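S.K.: Produce the complete structure using the sequences and hints provided.
Respectively, the protein sequence lines represent chains R and D.
Numbering-wise, the first sequence is residues 1352 to 1942 according to our numbering.
Numbering-wise, the second sequence is residues 3 to 197 according to our numbering.
One or more of the hints may lead you astray.
Capping the alpha-carbon separation at 27 Å, the derived lysine-lysine pairs in DSSO-like fashion look like this [to be verified]:
{"#": "1", "chain 1": "D", "residue 1": "Lys91", "chain 2": "R", "residue 2": "Lys1676"}
{"#": "2", "chain 1": "R", "residue 1": "Lys1582", "chain 2": "R", "residue 2": "Lys1567"}
{"#": "3", "chain 1": "R", "residue 1": "Lys1654", "chain 2": "R", "residue 2": "Lys1624"}
{"#": "4", "chain 1": "D", "residue 1": "Lys91", "chain 2": "D", "residue 2": "Lys195"}
{"#": "5", "chain 1": "D", "residue 1": "Lys90", "chain 2": "R", "residue 2": "Lys1676"}
{"#": "6", "chain 1": "R", "residue 1": "Lys1624", "chain 2": "R", "residue 2": "Lys1655"}
{"#": "7", "chain 1": "D", "residue 1": "Lys99", "chain 2": "R", "residue 2": "Lys1914"}
{"#": "8", "chain 1": "R", "residue 1": "Lys1542", "chain 2": "R", "residue 2": "Lys1561"}
{"#": "9", "chain 1": "R", "residue 1": "Lys1902", "chain 2": "R", "residue 2": "Lys1722"}
{"#": "10", "chain 1": "R", "residue 1": "Lys1716", "chain 2": "R", "residue 2": "Lys1914"}
{"#": "11", "chain 1": "D", "residue 1": "Lys162", "chain 2": "D", "residue 2": "Lys184"}
{"#": "12", "chain 1": "D", "residue 1": "Lys90", "chain 2": "D", "residue 2": "Lys61"}
{"#": "13", "chain 1": "R", "residue 1": "Lys1856", "chain 2": "R", "residue 2": "Lys1902"}
{"#": "14", "chain 1": "D", "residue 1": "Lys90", "chain 2": "D", "residue 2": "Lys195"}
{"#": "15", "chain 1": "R", "residue 1": "Lys1582", "chain 2": "R", "residue 2": "Lys1539"}
{"#": "16", "chain 1": "D", "residue 1": "Lys171", "chain 2": "R", "residue 2": "Lys1394"}
{"#": "17", "chain 1": "R", "residue 1": "Lys1394", "chain 2": "D", "residue 2": "Lys172"}
{"#": "18", "chain 1": "D", "residue 1": "Lys91", "chain 2": "R", "residue 2": "Lys1885"}
{"#": "19", "chain 1": "D", "residue 1": "Lys177", "chain 2": "R", "residue 2": "Lys1883"}
{"#": "20", "chain 1": "R", "residue 1": "Lys1902", "chain 2": "R", "residue 2": "Lys1883"}
{"#": "21", "chain 1": "D", "residue 1": "Lys61", "chain 2": "R", "residue 2": "Lys1580"}
{"#": "22", "chain 1": "R", "residue 1": "Lys1676", "chain 2": "R", "residue 2": "Lys1654"}
{"#": "23", "chain 1": "D", "residue 1": "Lys184", "chain 2": "D", "residue 2": "Lys194"}
{"#": "24", "chain 1": "R", "residue 1": "Lys1394", "chain 2": "D", "residue 2": "Lys177"}
{"#": "25", "chain 1": "D", "residue 1": "Lys177", "chain 2": "D", "residue 2": "Lys162"}
{"#": "26", "chain 1": "D", "residue 1": "Lys171", "chain 2": "D", "residue 2": "Lys184"}
{"#": "27", "chain 1": "D", "residue 1": "Lys61", "chain 2": "R", "residue 2": "Lys1676"}
{"#": "28", "chain 1": "R", "residue 1": "Lys1557", "chain 2": "R", "residue 2": "Lys1567"}
{"#": "29", "chain 1": "D", "residue 1": "Lys99", "chain 2": "D", "residue 2": "Lys195"}
{"#": "30", "chain 1": "R", "residue 1": "Lys1557", "chain 2": "R", "residue 2": "Lys1539"}
Derived contacts from chain R toward chain D, CB cut-off under 10 Å, selection only [claimed, not checked]:
{"#": "31", "residue": "Val1516"}
{"#": "32", "residue": "Ser1592"}
{"#": "33", "residue": "Phe1685"}
{"#": "34", "residue": "Ile1689"}
{"#": "35", "residue": "Ser1690"}
{"#": "36", "residue": "Gly1694"}
{"#": "37", "residue": "Pro1696"}
{"#": "38", "residue": "Pro1699"}
{"#": "39", "residue": "Ile1908"}
{"#": "40", "residue": "Leu1920"}
These are calculated hints, taken from the structure and not from any lab test.
Because the structure is a prediction, the values reported are computed rather than measured.
Using N, Cα and C, we set each Cβ at its ideal position, and we do this for glycine too.
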Amino acid sequence: MAVRYMLGNEAIAHACVEAGIDFASGYPGTPSSEVVDTLRRQKVRDFYIEWSVNEKVAFENALGAAWTGVRSLVTMKHVGLNVAADPLMTSAYTGVKGGFIILSADDPYAHSSQNEQDSRVYAHFARIPCLDPAGVQEAHDMMAAAFSLSEEFSLPVLFRPTTRVCHSKSDVELGEPADDRRKGIFEKDPKQYVVIPAHTRILHKKLNEKQAALAKRLVELGFNRYEIKGKTGIITSGIASEYVNEIVPGDVSVAKIGAYPIDEEWLAGFVSKHETILVVEECAPVVEEVVRQVACGTVVHGKKDGCVPYEGELDPASTAAAFEKAGIPYNGEFPEDISPAEGLPPRPPILCAGCGHRATFYAMKKVFGNKGIYPSDIGCYTLGLQLGAVDTTICMGASITIGSGISNAGDENPVVCTIGDSTFLHTGIQGLINAAYNGANMTVVILDNRITAMTGHQPNPNTGVTAMGDPSPAISLEALCRTCGVSFVETIDPYDYVTMIETFKRAKETAGVKVIISRQPCVIDARRRGIKRKHYFVDTETCTGCGVCVKYGCPAIEFIDGKASINSLCSGCGVCADICPQGAIRPEVKR
Amino acid sequence: MTGSYDLLIVGVGGQGTILASNIIGEACLSEGRTVRSAETHGMSQRGGSVETHIRIDGKYGPLISPGTADLIISFDLLEAVRYSHFLKKGGVIVSGKDIVVPTSTFQQGLEVPSRESLEEMLSGTECYIIDAVSAALEAGNMLSQNIVMLGAASHPLPVKPGSLLEVVKKLVPPKTVEINSKAFEIGVREGKKQP
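M.R.: Next comes the structure, spelled out in structure tokens:
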């Protein structure tokens, strides 16, 4: 046993090693990414680890592994579970042999996500158990237990930490890594693994029959527990229970839901002993709906009567506000009349100095203008919004499909969509096949920085190394796009402004689907690999202060006393030198 | 009540806020204390405003609510003001004196607040303003500013400076142990000069 100061995701990864994990796959997505990143960097246990091209692929790989009897894990973020929803639903029917954990990290407040959906609802939908840890230690302990639970019921287990668990750190007590090994052996059993209707009808019934025992077991395991102290009770789940514990007075009862499905009889036992209940949970009213079903004569407060917000994440102050609305006293003082300082310039995240995406967006906008329609996708380049070059973002891979939809609907303005290399391989490629085959008129710009950058630089099949760092043949985006039926496939260097403009112009004049691959390694990754370029500087005598370079939005370019100036962030891409109308920006020369 | 000592470390992505918070967390562990923290991830490398919540002797959730923090350590004067509403009455701010000017001001033509106006906005609170750049240069490397700030903040922090320094030596890259140890000591010295 060792106590370490650890990130939630690191503690979760360690728990998998303790549980004797044999197979891990995933697609990166904040806040889930560090689980596989930690597993691939650890040296304690040797087992199969991959970054897959998307969540459905990752899911099915891990499911196949679990069918051979080994313990497997698949990781993703909540929106990734949508991509894997198809196999998820049926995997509950087939069940598993080796423990199979689906980690789907939720993001209340959408810190870095397109929505705030609740993975607990998916678990309910699929009728599989869901574990909802309240903190780093519990995330560790629950994950260590999850594999056995999965094997006990032969069911996939959905593990659902939230941002404030994944990206929290705390002192955490770890267990010993497992040293036993399993070898995957697939035993044929078509009645279990071939879901033709005749088999499925039986499997569905078996799945339903597991539910009651499962709900009872989750109480026995201590995941769901309560303590009765008075006539008022709080029912809470996940990290919200930490905020409740922080402020709850000694004479108020607390029930903590750490796992689903909830045993309704057990829950009714708690509810019936109270006159008033407040349900405190983040995201969807999953617990509250069950509480309302079993409440008979007990007053229930929660989201449905406006005591707890439906949106965003909770904290001690907002939890105290919920107590207040429900007429329940609380401990602690939370000043109400607090507002942040006004009039400060915002500091949103921006594309890095020298990022090839910025140059590509700039050239693209120059050629296609304000009438161009710019569907974009999920990744760093969504920040192209600040350059006026992102008109739509919905989910992974949707830039090409939304773009072809707009084009085929008859809009005659040029449609130019942007998508990253990893996202293109994730679900972009199907859209390209579809657009080319069905005769869309659009330009697809693949922003190829050779890595999955936004989530922390995970490799993808375009990078040329596997998750474990072994070299692997990088796919050819050019060959791939041509195979999809696109004849106009051009590769450009975003640091070569003139050629970029010329290529975009040719694409504009050509009918049909055009693909332009804009290739330059991510600047952060390039710096780590020791690539150095000369810094640029502004010749203040030639600079007229026109501000064209400043509008370009590179954080290395500042405007001081009416003239442009380049700071130490410069990575030497040199694009600003090309766009300066006066030729006032030049590379530094050592004398 | 929790009895935890609650602090925020704020700054601009890339300034080393997470390393500073790791040092405090590890120092707590070395003193056998509990600690909870919450970090900004994801877009933190891209120049955005970042915050880390740390609750020394914390036993519950990692988040600190506005108006309840004991201390704010800020690597940037503008960010110190941006997060100042988190401070409780009687709390302390330890901030670097410089500002990384947000690119948004140049793009949108917004006014950049002056150092004087920002200091004025903080005038109602107990505030230590540290010249972290000069101190880091004195130590031998611009990149040691975060360790300077940690040294300066060691006065109000309820963790022994010796524990912090031990962890600094353990967590910084081996080649930079000497410079960072010096940066920490200079930070302690600069923090002492404050009111």
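S.K.: Does each hint fit the structure? Answer for all of them.
M.R.: These are the hints, each one checked on the structure:
For the proposed pair D:Lys91 and R:Lys1676, the alpha carbon gap of about 25 Å is at most 27 Å, so the pair holds. Between R:Lys1582 and R:Lys1567 the alpha-carbon distance is near 25 Å, which keeps this suggested pair within the 27 Å criterion. Our distance criterion of 27 Å between C-alpha atoms is met by R:Lys1654 and R:Lys1624, whose separation comes to about 21 Å. Annotation: proposed proximity of D:Lys91 to D:Lys195 holds, straight-line Cα distance about 23 Å (limit 27 Å).
A C-alpha spacing of about 24 Å is found between D:Lys90 and R:Lys1676, which places the hinted pair at or below 27 Å, so the restraint holds. Between R:Lys1624 and R:Lys1655, the direct Cα distance comes to roughly 22 Å. Compliance with the 27 Å bound is thereby established for this hinted pair. For the hint linking D:Lys99 to R:Lys1914, the alpha-carbon distance of about 24 Å falls within 27 Å, and the restraint holds. Among the hinted pairs, R:Lys1542 with R:Lys1561 is consistent with the structure: their alpha-carbon atoms are about 18 Å apart, no more than 27 Å.
A C-alpha spacing of about 19 Å is found between R:Lys1902 and R:Lys1722, which places the hinted pair at or below 27 Å, so the restraint holds. Taken as a hint, the R:Lys1716 and R:Lys1914 pair is honoured in the structure, with Cα atoms around 25 Å apart against an allowance of 27 Å. With a C-alpha separation of about 17 Å, the suggested pairing of D:Lys162 with D:Lys184 holds against the 27 Å cut-off. Distance check on the hinted pair: D:Lys90 and D:Lys61 sit about 20 Å apart at the alpha-carbon level, within 27 Å; holds.
Of the supplied pair hints, the one linking R:Lys1856 and R:Lys1902 holds, its CA atoms being roughly 22 Å apart against a limit of 27 Å. About 24 Å separates the Cα atoms of D:Lys90 and D:Lys195, which keeps this hinted pair within 27 Å; it holds. A threshold of 27 Å between alpha carbons decides the hint, and for R:Lys1582 with R:Lys1539 the separation of about 55 Å lies outside it, so the pair is violated. The straight-line distance between the Cα atoms of D:Lys171 and R:Lys1394 is roughly 24 Å, inside the 27 Å bound, and the hint therefore holds.
For the proposed pair R:Lys1394 and D:Lys172, the alpha carbon gap of about 20 Å is at most 27 Å, so the pair holds. About 49 Å separates the Cα atoms of D:Lys91 and R:Lys1885, which puts this hinted pair outside 27 Å; it is violated. Taking the CA atoms of D:Lys177 and R:Lys1883, the gap is near 21 Å; set against the 27 Å cutoff, the hint holds. Of the supplied pair hints, the one linking R:Lys1902 and R:Lys1883 holds, its CA atoms being roughly 25 Å apart against a limit of 27 Å.
Of the pairs offered as hints, the one joining D:Lys61 and R:Lys1580 holds, with about 21 Å between alpha carbons and a cut-off of 27 Å not exceeded. Taken as a hint, the R:Lys1676 and R:Lys1654 pair is honoured in the structure, with Cα atoms around 11 Å apart against an allowance of 27 Å. Straight-line distance between C-alpha atoms of D:Lys184 and D:Lys194 comes to about 15 Å, which keeps the hinted pair within the 27 Å bound. The suggested pairing of R:Lys1394 with D:Lys177 holds, with an alpha-carbon distance near 24 Å, which does not exceed 27 Å.
For the hint pairing D:Lys177 with D:Lys162, the CA-to-CA distance comes to about 25 Å; that is within 27 Å, so the pair holds. The suggested pairing of D:Lys171 with D:Lys184 holds, with an alpha-carbon distance near 11 Å, which does not exceed 27 Å. For the hint linking D:Lys61 to R:Lys1676, the alpha-carbon distance of about 26 Å falls within 27 Å, and the restraint holds. Straight-line distance between C-alpha atoms of R:Lys1557 and R:Lys1567 comes to about 17 Å, which keeps the hinted pair within the 27 Å bound.
The suggested pairing of D:Lys99 with D:Lys195 holds, with an alpha-carbon distance near 14 Å, which does not exceed 27 Å. The straight-line distance between the Cα atoms of R:Lys1557 and R:Lys1539 is roughly 19 Å, inside the 27 Å bound, and the hint therefore holds. About 9 Å separates the beta-carbon of R:Val1516 from the nearest beta-carbon of chain D, less than 10 Å, and the hint is met. Interface restraint check for R:Ser1592: the shortest CB-CB distance to chain D comes to about 9 Å, inside 10 Å, so the restraint holds.
A cut of 10 Å between beta carbons decides the hint on R:Phe1685: the least distance to chain D is about 6 Å, and the hint holds. A hinted interface residue such as R:Ile1689 counts as satisfied when its beta carbon comes closer than 10 Å to some beta carbon of chain D; here the least separation is about 5 Å, so the hint holds. Interface hint at R:Ser1690: satisfied, since its Cβ lies 6 Å from the closest Cβ of chain D, which is below the 10 Å cut-off. Interface restraint check: R:Gly1694 against chain D, minimum CB-CB distance 8 Å, threshold 10 Å, status holds.
Hint status for R:Pro1696: holds, given a least beta-carbon distance of 5 Å to chain D, under 10 Å. Taking 10 Å as the C-beta cut-off, the interface hint given for R:Pro1699 holds, the closest approach to chain D being about 6 Å. Checking R:Ile1908 against chain D by beta carbon gives a least distance of about 7 Å; that is within 10 Å, so the hint holds. For R:Leu1920, the suggested interface contact is upheld, since its CB lies about 8 Å from the closest CB of chain D, less than 10 Å.
Taken one by one, the earlier hints fail for this structure at numbers 15 and 18, listed in ascending order.
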